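Peer 1: Given next are the chains, with one letter for each unit.
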Amino acid sequence: MKVLQALGAWVEAVFYAAGRYPHLLIEILRRIKRPPWFPQLILEQAEHVGVQSLPVVLLTALFTGMVLALQSYIGFHRFGAENMVATVVSLSMLRELGPVLVGLMVAGRVGASFAAELGTMRVSEQIDALWTLSTDPLRYLVMPRFISAIIMLPLLVALADAIGIFGGYVISVFMLGQNPHSYLENSTLYVELRDMYSGLFKAGCFGAIIGLVGCAEGFYCQGGAQGVGQATTRAVVFSAMSILVSDYLLTAWLFQ
Amino acid sequence: MTTPKIQVQGLKKSFGDKKVLDGVDLDVLPGESVVVIGLSGTGKSVLIKCILGLLKPDAGHILVDGEDWSTLANDEQLLRMRRIGMLFQGAALFDSMSVWKNVAFALLQQGMGNKEARTRAGEVLELVGLHNVEDKMPAELSGGMAKRVGLARAICHKPEIIFYDEPLTGLDPVMADVITRLMQRLHSEFNVTSLTIAHSMMLARTFGNRIAMLYQGRNLKQMSPDELDSCQDPIIRQFVEGRSEGPIHLQGNRT
Numbered sequence: 001m002k003v004l005q006a007l008g009a010w011v012e013a014v015f016y017a018a019g020r021y022p023h024l025l026i027e028i029l030r031r032i033k034r035p036p037w038f039p040q041l042i043l044e045q046a047e048h049v050g051v052q053s054l055p056v057v058l059l060t061a062l063f064t065g066m067v068l069a070l071q072s073y074i075g076f077h078r079f080g081a082e083n084m085v086a087t088v089v090s091l092s093m094l095r096e097l098g099p100v101l102v103g104l105m106v107a108g109r110v111g112a113s114f115a116a117e118l119g120t121m122r123v124s125e126q127i128d129a130l131w132t133l134s135t136d137p138l139r140y141l142v143m144p145r146f147i148s149a150i151i152m153l154p155l156l157v158a159l160a161d162a163i164g165i166f167g168g169y170v171i172s173v174f175m176l177g178q179n180p181h182s183y184l185e186n187s188t189l190y191v192e193l194r195d196m197y198s199g200l201f202k203a204g205c206f207g208a209i210i211g212l213v214g215c216a217e218g219f220y221c222q223g224g225a226q227g228v229g230q231a232t233t234r235a236v237v238f239s240a241m242s243i244l245v246s247d248y249l250l251t252a253w254l255f256q
Numbered sequence: 001m002t003t004p005k006i007q008v009q010g011l012k013k014s015f016g017d018k019k020v021l022d023g024v025d026l027d028v029l030p031g032e033s034v035v036v037i038g039l040s041g042t043g044k045s046v047l048i049k050c051i052l053g054l055l056k057p058d059a060g061h062i063l064v065d066g067e068d069w070s071t072l073a074n075d076e077q078l079l080r081m082r083r084i085g086m087l088f089q090g091a092a093l094f095d096s097m098s099v100w101k102n103v104a105f106a107l108l109q110q111g112m113g114n115k116e117a118r119t120r121a122g123e124v125l126e127l128v129g130l131h132n133v134e135d136k137m138p139a140e141l142s143g144g145m146a147k148r149v150g151l152a153r154a155i156c157h158k159p160e161i162i163f164y165d166e167p168l169t170g171l172d173p174v175m176a177d178v179i180t181r182l183m184q185r186l187h188s189e190f191n192v193t194s195l196t197i198a199h200s201m202m203l204a205r206t207f208g209n210r211i212a213m214l215y216q217g218r219n220l221k222q223m224s225p226d227e228l229d230s231c232q233d234p235i236i237r238q239f240v241e242g243r244s245e246g247p248i249h250l251q252g253n254r255t
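Those protein sequences? They're chains A and B, same order as listed. For the first sequence, the numbering used here assigns the number 1 to the initial residue and increments by one for each residue that follows. For the second sequence, the numbering used here assigns the number 1 to the initial residue and increments by one for each residue that follows.
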């Protein structure tokens with residue numbers, strides 16, 4: 001009986017969350033056509049989402065590119081195809097690892113801070129106070145965060161791609177003794193422009209997920225400090241999971 | 001007869017199975033100060049939030065100056081908020097902004113220039129008895145100061161109606177008196193209409209022209225402070241005298 005109850009509560013929680021995200025998305029889309037858009041706030045959030053995430057994101061990308069070169073070298077070395085390392089590094093960074101790893105890092109960093117900040121504002125009635133000062137809280141708080149996440153994620157991923165490929169180059173050329181010229185050539189030879197576009201498009205989608213989930217968890221937060229804590233956890237867990245699931249779906253349907 | 005400034009008619013609101021408001025009627029006349037008293041958890045805050053449009057009522061109407069606010073679209077309602085000021089229980093200052101930006105928030109959003117808004121914020125802060133706090137952050141303020149800044153923010157855009165949610169909660173007796181006097185002064189000087197929710201009888205007696213008691217989702221009666229003292233209704237008597245024994249059914253207790 002207890003098990004059934006727990007299962008029921010879990011299902012209810014999932015559907016409750018599943019209803020909240022589309023609801024907030026509809027509310028955002030309904031408002032986005034007409035001003036005010038608060039460009040100043042979008043810029044502030046863009047700095048928070050983008051610029052301040054740079055160290056974390058670039059470090060992740062650098063080491064991912066490096067380990068990727070190392071691992072694929074070990075594999076390809078077994079049947080003498082070492083010159084494929086460059087292609088594997090650039091293809092997997094552009095198509096997959098760049099967007100997904102940056103998405104996950106930003107979900108942890110930014111999604112959590114969205115949820116915690118908006119959640120605290122909700123439980124301390126600051127969101128209600130905005131309303132009584134004739135300012136729409138959704139426009140003022142949620143929209144700038146959502147928009148800046150969508151804009152900044154592809155930019156972060158573009159930089160991460162470059163750094164990751166550079167990391168792979170450094171390892172291959174200076175540690176594994178590959179020819180720098182042919183490495184660079186192999187990096188681009190089998191790579192199409194649409195490989196990069198697909199990665200950047202994915203990044204935009206992940207930005208939307210992070211912004212939407214983080215804001216929804218914070219905006220509809222209830223129940224004091226504990227509620228804010230739970231909202232923050234849920235924001236990170238749900239956005240990370242949604243990124244991984246939607247990554248599969250986007251790859252399978254759009255970019256095979 | 002003058003049209004009431006605020007008219008609440010048959011307001012109902014439930015959360016799940018719990019009926020919080022079950023048909024509340026309330027009139028507030030222009031220039032009048034009405035204090036709503038009641039036990040904690042009887043829906044006093046819910047009442048104010050419904051009037052402000054922060055919660056959607058399940059049934060009933062909210063008329064301000066004869067206009068039904070409960071059916072307005074979001075944008076329309078936001079525009080009407082310019083006529084309203086609200087002091088929140090915990091002051092609810094925006095902690096990412098300095099004090100003067102908090103106070104002048106509504107003006108800045110309406111497009112007033114920084115310099116002018118800052119001057120205006122300074123004047124209003126002066127009015128609530130605060131000097132040289134413009135550039136402080138809300139986290140640096142004491143509870144009483146935060147409340148006064150909250151009050152300054154509520155009146156900075158010259159509203160016609162001010163709502164007070166438990167204005168004296170969490171203040172020491174001296175600061176409570178300071179805030180009460182401020183509220184009285186604002187009320188008489190600016191000719192605003194006030195609706196206050198409180199559980200302090202002292203505030204109700206000194207600030208209310210009329211007092212309404214909310215009990216089990218309904219309001220019992222609206223009366224003047226003098227009538228309150230002579231009222232023989234056992235529930236009101238118990239509340240006014242602050243006794244734990246009596247007909248009031250406390251939540252969680254079996255009586």
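Because the hints were derived from the structure by calculation, they are not lab data. All values derive from a computational prediction rather than experimental measurement. Using N, Cα and C, we set each Cβ at its ideal position, and we do this for glycine too. Be aware that a few hints might be false.
Estimated spans, in silico, between C-beta atoms of each pair [to be verified]:
1. A:252 / B:83: 33 to 43 Å
2. B:245 / A:37: 52 to 62 Å
3. A:30 / B:230: 24 to 34 Å
4. A:249 / B:190: 16 to 26 Å
5. A:70 / B:136: 50 to 60 Å
6. A:249 / B:65: 17 to 27 Å
7. A:35 / B:96: 19 to 29 Å
8. B:209 / A:224: 30 to 40 Å
9. B:111 / A:9: 41 to 51 Å
10. B:140 / A:44: 43 to 53 Å
Computed list of chain B residues with no C-beta within reach of chain A, every gap over 12 Å [to be verified]:
11. 63
12. 66
13. 79
Peer 1: Sort out which numbered hints this structure fails and list those numbers smallest first.
Peer 2: 1, 3, 4, 6, 10, 13
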